[in-house]
Amino acid sequence: MTASSNTDAGRSGTIVIVDDEEMVLTSLRSFLTLETDYEVQSFLSAKEALQYIGANDIDVVMSDYLMPEMDGISFLAEVKKIRPEVPRIILTGYADKENAIKAINDVGLFQYIEKPWDNDDLLIILRNGMEKQRLMKKLQQKIEEINRAYGELEGLHKEIVKTFV
Amino acid sequence: MSTNNEIEKLRESEERYRTMIEMACDAIFVVDAESGSVCEVNQSGLIMTGLAIEEIVGRPVWELFPEDERDRGRELFDTAVREERGRRTSMHFVRPDGGRVTLDVTTALMRLSGRKIVVQVCRDATERDEFERQQARLSQYYERLLDSLPVGLGIRAAINATPKIEFENQTLKRMFDTAACKGSGITWDACRADMDEQPRIAITDDGSYAEERRLANGQTFLYTISYVRDLLDQWCEVTIVQDFTRRRQLEDDLEQVNRTLEARVQERTRELEEKQTQLAQAEKMASLGSLVAGVAHEINTPLGALTSNNDLFIRAIVRLKKLLDTSEVTSDAAMKERFDRILDSIDEVTSVNKTAGERIKNIVNSLRSFARLDRSEKDRVDIRDGLESTLTLVSHELKNRVEVVRRYGDIPPINCFPNQINQVFMNLLVNASHAIKDKGVITIRTALEGGWVVVEISDTGSGIPKDVLPKIFDPGFTTKGSGVGTGLGLSIVHQIIQDHGGKILVTSKPGEGTTFRIELPAR
Ligand SMILES: Nc1ncnc2c1ncn2[C@@H]1O[C@H](COP(=O)(O)OP(=O)(O)O)[C@@H](O)[C@H]1O
Ligand SMILES: [Mg+2]
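In order, the protein sequences belong to chains P and A.
According to the working numbering, the residues represented by the first sequence are 91 to 255, in order.
According to the working numbering, the residues represented by the second sequence are 17 to 539, in order.
Be careful, since some hints might not be right.
Restricting the straight-line Cα-Cα distance to at most 27 angstroms, the calculated cross-link-like pairs of lysine-lysine (DSS-like) are [to be verified]:
id, chain 1, residue 1, chain 2, residue 2
1, P, Lys248, P, Lys137
2, A, Lys415, A, Lys525
3, A, Lys455, A, Lys496
4, A, Lys189, A, Lys25
5, P, Lys192, A, Lys394
6, P, Lys192, A, Lys455
Output of the computed footprint for chain A on chain P, the stretches with three or more beta carbons under 8 angstroms from beta carbons of chain A [stated by the list, open to error]:
id, region
7, 111-119
8, 236-247
I should point out that these hints are in silico values taken from the structure, not numbers from a laboratory.
All figures in this text were calculated on a predicted structure; none of them were measured in a lab.
Glycine included, C-beta positions come from ideal geometry on N, C-alpha and C.
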């Protein structure tokens, strides 16, 4: 990795990319490797990707729309079940905005990108996704902290009650 | 002996003569030509007069008649004597019972044994008169019968070169006693010359023949003509004439109705064919839609890879240049120039690649918007967008050869089926391009004119000849060779515009060009 040349240093994270076309995976991986510090995990099969996502911490998922064994929408719906906090992006070559928008609402997608995509747009969307994920994570941490503090407070309260009653 | 014989003969002849007179049914008076008095009378004479023989013999013969007839009786006698020949006349007579009868009276002057006598034969004419009256009544009856026939009946003697009319019944007379016939001098037996068309002739089983004669004034008659021998055994032509005007009129009306029906059936068939054409076209569009969707997907994936990779090249070169600037590899001027030349040529082609990629993207987008995957949806669109995406699609046909001039005036978006409207533009633009054989101009004008959105597509092509112009919207009409033109383009255009409540107008000058003007309701 050429981390030193990365203009987005300090914003690194893990991206999972799924497409049944090797050429798309290669293009995206090469581009992101050149322009970002993200760790790119690419899969030709949605099932393998699901296995990986189940076992590893990830930040953004991006998937093709039309794929032979499992289509992008079903795949992202599965991802939502495993990791609801992870932003999901659909990459569509079908150029059918209406279907894509419907999918966004149904499955709760973060964004859709049309093929052929624009690399600058792609970068912005990914960055925003990462940002969202980071904020979500932070929020989660804060909630946990509050919960913990509340738990401690509650324990204290019980002790006080026990002591005085 | 001989004298005796002669006397005997004479006696015999007189006997025979007397017997004859006695036996006759007619009353016979033998009158002396000198005095006029009756010499002899037969039995029938006695019965007729009711007088005794003594009362008659010796009396002037005219005194036998009633007083008012005596002068004529006298005259009759005088004439017989004077003219010495037979004469016959009718006289009144009063019978013994007082009844007045008519006598047929024949008088003749004769010589008997050197003496002049007048023989007056009287026959009772009552029976004959009665017979004649009956005869007359009978013929009147038949005549009335014939007159009351609902058909015209005419009889002509047929043998003559100019047949003479022997009989025509009232019906026949009435038939031709109309203003129309009289005005043109038409009679039943001479109306052939005035006929409107060849008669329809049919020979019937009984040997007569029927012929329909239609006059120029619109009247139609059916003639049934047969030949029979008359009482004198001469051939005559019996013609029965029926007025067929009404019936012929009905037949004509029926034929007319049939014709209209047939025309209507043809019209319906044509409409059906049109609908079928449209349906086939709609199917074509539907399959084109899914084809385009598939193609768009298939192209966009590798295109995405290509454009992304090209973008990567551009970015990589920028980085490489920066890197080289700080590297000692290029401190040598000659070396730097070699590097720069390589990098510059890469720069050049990557920018061309970028343009090419955008072009492909554009074409796919046009194809997509032309086929409108949401084709069944009505939409409010600015049809200038449709014109543009259609132009992109036909640009390969126009390139370098046809200049496109856009005179887009402001128009509001209209409610329409965008894919159909695009197809209209496509068909018109392709036709315009075909009409321009070498180089030329297509001018597209849009405007809002009093509630109508107007699109005019003009070309400087070959134009349309006057005799072709009315046919160009017919389905299947094409002047392009088979395999080139389908002749469907304009019929589909027409149908689509009609479906949108619009109008389409053509003006064309052969050799100068053609303008198709489309008007669509703005609201
Ligand atoms: N812009 C035009 N200039 C001259 N002729 C035209 C033009 N548009 C249509 N036509 C005539 O009308 C005919 C019918 O057109 P169309 O229905 O589109 O069928 P096609 O193009 O398959 O012949 C053409 O064959 C051509 O003769
Ligand atoms: Mg045509």
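The hints, checked one at a time:
Using a Cα cut-off of 27 angstroms, the hinted pair lysine 248 of chain P and lysine 137 of chain P is violated, with the two alpha carbons roughly 49 angstroms apart. Of the pairs offered as hints, the one joining lysine 415 of chain A and lysine 525 of chain A holds, with about 25 angstroms between alpha carbons and a cut-off of 27 angstroms not exceeded. Restraint check for lysine 455 of chain A and lysine 496 of chain A: the C-alpha separation of about 19 angstroms stays at or below 27 angstroms, so the hint holds. Distance hint between lysine 189 of chain A and lysine 25 of chain A is unfulfilled; the C-alpha atoms sit about 68 angstroms from each other, more than 27 angstroms.
For the hint linking lysine 192 of chain P to lysine 394 of chain A, the alpha-carbon distance of about 20 angstroms falls within 27 angstroms, and the restraint holds. Annotation: proposed proximity of lysine 192 of chain P to lysine 455 of chain A is violated, straight-line Cα distance about 48 angstroms (limit 27 angstroms). Note: the region 111-119 of chain P has 6 residues with beta-carbon separation from chain A under 8 angstroms; the three-residue rule is met and the coverage holds. By the rule of at least three residues with a Cβ nearer than 8 angstroms to a Cβ of chain A, the coverage given for the region 236-247 of chain P is violated, with 0 such residues.
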